[in-house]
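**Student:** Here is what each chain is made of, one letter per residue.
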Amino acid sequence: MSTLTISGGFAGQTAVDHAPKEVPAGGCTMTPSAEAAKETKMEKSASLPVTEPGIAWSELLNGAARLVLPPLLGMLLLVGVWYVATLGGGPIPGPLAVWDAAAVLFADPFYNNGPNDLGIGWNVLASLERVGIGFGLAALVGIPLGFMLGRFAFLSSMINPLISLLRPVSPLAWLPIGLLVFQKADPAATWTIFICSIWPMIMNTAQGVQRVPQDYLNVARVLDLSEWKVVTRILFPAVLPYMLTGIRLSIGTAWLVIVAAEMLTGGVGIGFWVWDEWNNLKVEHIIIAIFIIGIVGLLLEQALILLAKKLTKESS
Amino acid sequence: MEKFVQIENVGQTFDTKKGKFVALRDIDLTLKQGEFVALIGHSGCGKSTLLNLIAGLTKPTSGVLLCDGREIAGPGPERAVVFQNHSLLPWLTCFENIYLAVERVFSQKEGKPKLKARTQAAIELVALGHAAHKYPHEISGGMKQRVGIARALSMEPKVLLMDEPFGALDALTRARLQDELMKICEKTQATVVMVTHDVDEAVLLSDRIVMMTNGPAATIGEILEVNLPRPRARLELAHDSAYIDCRAAVLEFLYEKQAHVEKQAA
Numbered sequence: 384m385s386t387l388t389i390s391g392g393f394a395g396q397t398a399v400d401h402a403p404k405e406v407p408a409g410g411c412t413m414t415p416s417a418e419a420a421k422e423t424k425m426e427k428s429a430s431l432p433v434t435e436p437g438i439a440w441s442e443l444l445n446g447a448a449r450l451v452l453p454p455l456l457g458m459l460l461l462v463g464v465w466y467v468a469t470l471g472g473g474p475i476p477g478p479l480a481v482w483d484a485a486a487v488l489f490a491d492p493f494y495n496n497g498p499n500d501l502g503i504g505w506n507v508l509a510s511l512e513r514v515g516i517g518f519g520l521a522a523l524v525g526i527p528l529g530f531m532l533g534r535f536a537f538l539s540s541m542i543n544p545l546i547s548l549l550r551p552v553s554p555l556a557w558l559p560i561g562l563l564v565f566q567k568a569d570p571a572a573t574w575t576i577f578i579c580s581i582w583p584m585i586m587n588t589a590q591g592v593q594r595v596p597q598d599y600l601n602v603a604r605v606l607d608l609s610e611w612k613v614v615t616r617i618l619f620p621a622v623l624p625y626m627l628t629g630i631r632l633s634i635g636t637a638w639l640v641i642v643a644a645e646m647l648t649g650g651v652g653i654g655f656w657v658w659d660e661w662n663n664l665k666v667e668h669i670i671i672a673i674f675i676i677g678i679v680g681l682l683l684e685q686a687l688i689l690l691a692k693k694l695t696k697e698s699s
Numbered sequence: 044m045e046k047f048v049q050i051e052n053v054g055q056t057f058d059t060k061k062g063k064f065v066a067l068r069d070i071d072l073t074l075k076q077g078e079f080v081a082l083i084g085h086s087g088c089g090k091s092t093l094l095n096l097i098a099g100l101t102k103p104t105s106g107v108l109l110c111d112g113r114e115i116a117g118p119g120p121e122r123a124v125v126f127q128n129h130s131l132l133p134w135l136t137c138f139e140n141i142y143l144a145v146e147r148v149f150s151q152k153e154g155k156p157k158l159k160a161r162t163q164a165a166i167e168l169v170a171l172g173h174a175a176h177k178y179p180h181e182i183s184g185g186m187k188q189r190v191g192i193a194r195a196l197s198m199e200p201k202v203l204l205m206d207e208p209f210g211a212l213d214a215l216t217r218a219r220l221q222d223e224l225m226k227i228c229e230k231t232q233a234t235v236v237m238v239t240h241d242v243d244e245a246v247l248l249s250d251r252i253v254m255m256t257n258g259p260a261a262t263i264g265e266i267l268e269v270n271l272p273r274p275r276a277r278l279e280l281a282h283d284s285a286y287i288d289c290r291a292a293v294l295e296f297l298y299e300k301q302a303h304v305e306k307q308a309a
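Just so you know, the protein sequences line up as chains A and B, in that order. Here the first sequence stands for residues 384 to 699, where the numbers follow the numbering used here. Here the second sequence stands for residues 44 to 309, where the numbers follow the numbering used here.
What you were told as hints is all true, and nothing was included just to trick you.
Distance condition first, Cα-Cα at most 25 Å in a straight line; then the derived DSS-like pairs of lysine-lysine:
hint : chain 1 : residue 1 : chain 2 : residue 2
1    : A       : Lys612    : B       : Lys159
2    : B       : Lys177    : A       : Lys692
3    : A       : Lys612    : B       : Lys177
4    : A       : Lys612    : B       : Lys152
5    : B       : Lys75     : B       : Lys201
6    : B       : Lys159    : B       : Lys177
7    : B       : Lys155    : A       : Lys612
8    : B       : Lys75     : B       : Lys46
9    : B       : Lys61     : B       : Lys102
10   : B       : Lys177    : A       : Lys693
11   : A       : Lys612    : B       : Lys201
12   : B       : Lys157    : A       : Lys612
Quick look at which bits of chain B chain A covers, simulated, 3 or more residues with Cβ under 8 Å:
hint : region
13   : 117-125
14   : 131-137
To give an idea of the interface, some chain A residues facing chain B are shown, with a C-beta separation under 7 Å as derived from the structure:
hint : residue
15   : Val602
16   : Arg604
17   : Val605
18   : Leu608
Hints listed in this document are in silico derivations from the structure and should not be mistaken for laboratory results. Glycine included, C-beta positions come from ideal geometry on N, C-alpha and C.
Turn these sequences into a full structure, and let the hints steer you where they fit.
**Tutor:** In structure tokens:
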């Protein structure tokens, strides 16, 4: 996950680097001798059309190969090691057995044989729903709270010790409290997601607010803007990148935690499904679940990176 | 109005880790309405500190500042500031940046179409009508500074405060903006305080040049009246004896009377 993030960042940077370089080249039209310039231009135009597309194509292919080949090799290596390690039999099934099981499983992901036997699709959706609700509530509470902590120093020094105390607590330690308060498994799992997603959002938002450039705040002070305008026109756009980082961190943790929480609470969900298949000793399904959890987590993170890119492009 | 801005016995002390630092002391200055005053001095002499005091961004440790008969208690749109680094909000277009200021000042009395017309007028005052819907990162440094000036002027401030507004620009752009600023000031009869370290800029634009002594504990050293007729044309002034005298007086103050700053630093 992290390598993808980094390469995305680099790609963005090079795009920015190129832009200014091209501007002076286009703007510099004051060549000392026009004839000389024409001559060189003609030479270039004679040779360029022949070679350029060829170069571009091979470069494009090269680039694509460099982008796709290493991850592909990594995957092959993983499957290869897995294959060799399970050749001699043992409790862990090999890749081929898992593939066969997956083919059966994904042939009908949305079957419904009563509440204790639902298709894999339903389980993933149930987990996503819990994450969505818990995470959404955390955003609703955490982001405004982060804004207030960043804006009011007194509040910040009042609340920060509490955050430092509660943040390192494993979210699962909150699960019994949730069970006790809500008397039901489902809201307790959602509560766990809420409590683990809220810290990164509070902290990143507060940090973003504190790092808003003094220039922008001076503009706000000179214009004597109302607090509402300060928040909507200056703080919110300035803090947005930090907020999105907080959201991205949160959703990563939330997806990590939901699997564990569902193992404990039972019901429907990918975490419960893993535990259920362990009780049924269907190890192929456990391995499939690991892949599903990984892929869904990756997709969630990539979606948020995309969203962040889109929003920050619009606002900067 | 003879005493439009009054600065009386103002001092500014900052608390630093090494103890108290006296930035300004005994500042007494009165500005007339419609007057253009330049603050000049070596870096670190407290020019910007004084400007921030007039803006209300900081409060004086001693003394009092008045604007139009009222004590300056904090920043406000009647004392608009053009910042050194333009300080446009990057997520708003040029139009929206100015509109934010116009809306703040006039939205209680005027409707949206009127506010938009004001914004458009301000942007055309600095000849940027064509760039109204561009974002700050899409325009050049000089254009950004012009938007900053338009934003300040759009509020119809009593006093326009400019903190080295052209300091970061190349010489040609700077000259063009100075000419534009002179025209705008003539049109709007604005009262202007401008911090600068450019002697030619100070003489060309100002009615009076306030020369500051070196810090720490800087104060007003001399005040030079620039009695050149307006409108002023930079080319003609280059050979004007009064202009040359003024320029020489400022240079003399900076490099003879206050020259020891380099020695101190070295």
